[in-house]
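Here is how the chains run, residue by residue.
2 protein chains.
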Amino acid sequence: MSKWWVKLEIFLKDGILDPQGKAINSALHSLGFEEVEEVRMGKILRLKIEGETEEDIRDKVRKMSEIFLANPVTENFEIRVEKICE
Amino acid sequence: MSKWWVKLEIFLKDGILDPQGKAINSALHSLGFEEVEEVRMGKILRLKIEGETEEDIRDKVRKMSEIFLANPVTENFEIRVEKICE
Numbered sequence: 057m058s059k060w061w062v063k064l065e066i067f068l069k070d071g072i073l074d075p076q077g078k079a080i081n082s083a084l085h086s087l088g089f090e091e092v093e094e095v096r097m098g099k100i101l102r103l104k105i106e107g108e109t110e111e112d113i114r115d116k117v118r119k120m121s122e123i124f125l126a127n128p129v130t131e132n133f134e135i136r137v138e139k140i141c142e
Numbered sequence: 057m058s059k060w061w062v063k064l065e066i067f068l069k070d071g072i073l074d075p076q077g078k079a080i081n082s083a084l085h086s087l088g089f090e091e092v093e094e095v096r097m098g099k100i101l102r103l104k105i106e107g108e109t110e111e112d113i114r115d116k117v118r119k120m121s122e123i124f125l126a127n128p129v130t131e132n133f134e135i136r137v138e139k140i141c142e
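Top to bottom, those sequences are chains B and X. Numbered according to this note's numbering, the first sequence spans residues 57 to 142. Numbered according to this note's numbering, the second sequence spans residues 57 to 142.
These are calculated hints, taken from the structure and not from any lab test. Beta carbons are placed, not taken as given, at the ideal position from N, Cα and C, and that holds for glycine. Misleading hints may appear alongside valid ones.
Between beta-carbon pairs, the in silico distance windows are [to be verified]:
#1 B:GLU138 / X:ASN127: 39 to 47 Å
#2 B:GLU93 / X:SER86: 38 to 46 Å
#3 B:LEU87 / X:LYS59: 19 to 27 Å
#4 B:ASN132 / X:GLU110: 22 to 30 Å
#5 X:ASN127 / B:GLU111: 35 to 43 Å
#6 B:ALA79 / X:PRO75: 35 to 43 Å
#7 B:LYS119 / X:GLU94: 16 to 24 Å
#8 X:GLU111 / B:GLU138: 18 to 26 Å
#9 X:LYS59 / B:PRO75: 19 to 27 Å
Which chain X residues stay away from chain B? Per the calculated CB distances, all over 10 Å, these [what the hints assert, rightly or not]:
#10 GLU65
#11 GLY71
#12 LEU73
#13 LYS78
#14 ALA83
#15 ARG114
#16 PRO128
#17 THR130
#18 GLU131
With the hints as extra help, turn the sequences into a complete structure.
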């Protein structure tokens, strides 16, 4: 079996208030970065995982996200399979 | 000026203990996902930002990260410029 690096990005759905992102946006403006229009804050997980194919890995990580890692009511997630280690 | 989406990934440097990642790893094992070998937890920010060129955007976001968004002693960051909105 091969080993894979997976990145899982989890963001609050668009339309759901993100106070952390808003606070960062204001702080950036105070620091002079006026060109920033919007900031959304999210979580990212990097997983090292064993599996046969990229499809297999995607299915597993999707399942983990749905039952445990993300909240499907408030959050969207995106899976990126980055490279094979071995 | 164009508008850009930027994603900024921030992870603890390799070698720095990541208790949150370890806790998630254990929880995934308890749920039957034994094929997961390692988990690292990070932050991700999605920024909407105005600027002339991709290089210009990268420079700005690098500066924001170095002075405010990331801790250069303990964290690594990666910038991805994703698409032009307008």
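Results of checking the hints against the structure:
| no. | hint | result |
| --- | --- | --- |
| 1 | B:GLU138 / X:ASN127: 39 to 47 Å | 24 Å, violated |
| 2 | B:GLU93 / X:SER86: 38 to 46 Å | 42 Å, holds |
| 3 | B:LEU87 / X:LYS59: 19 to 27 Å | 20 Å, holds |
| 4 | B:ASN132 / X:GLU110: 22 to 30 Å | 25 Å, holds |
| 5 | X:ASN127 / B:GLU111: 35 to 43 Å | 37 Å, holds |
| 6 | B:ALA79 / X:PRO75: 35 to 43 Å | 24 Å, violated |
| 7 | B:LYS119 / X:GLU94: 16 to 24 Å | 18 Å, holds |
| 8 | X:GLU111 / B:GLU138: 18 to 26 Å | 24 Å, holds |
| 9 | X:LYS59 / B:PRO75: 19 to 27 Å | 23 Å, holds |
| 10 | GLU65 | 6 Å, violated |
| 11 | GLY71 | 14 Å, holds |
| 12 | LEU73 | 15 Å, holds |
| 13 | LYS78 | 12 Å, holds |
| 14 | ALA83 | 7 Å, violated |
| 15 | ARG114 | 13 Å, holds |
| 16 | PRO128 | 16 Å, holds |
| 17 | THR130 | 16 Å, holds |
| 18 | GLU131 | 12 Å, holds |
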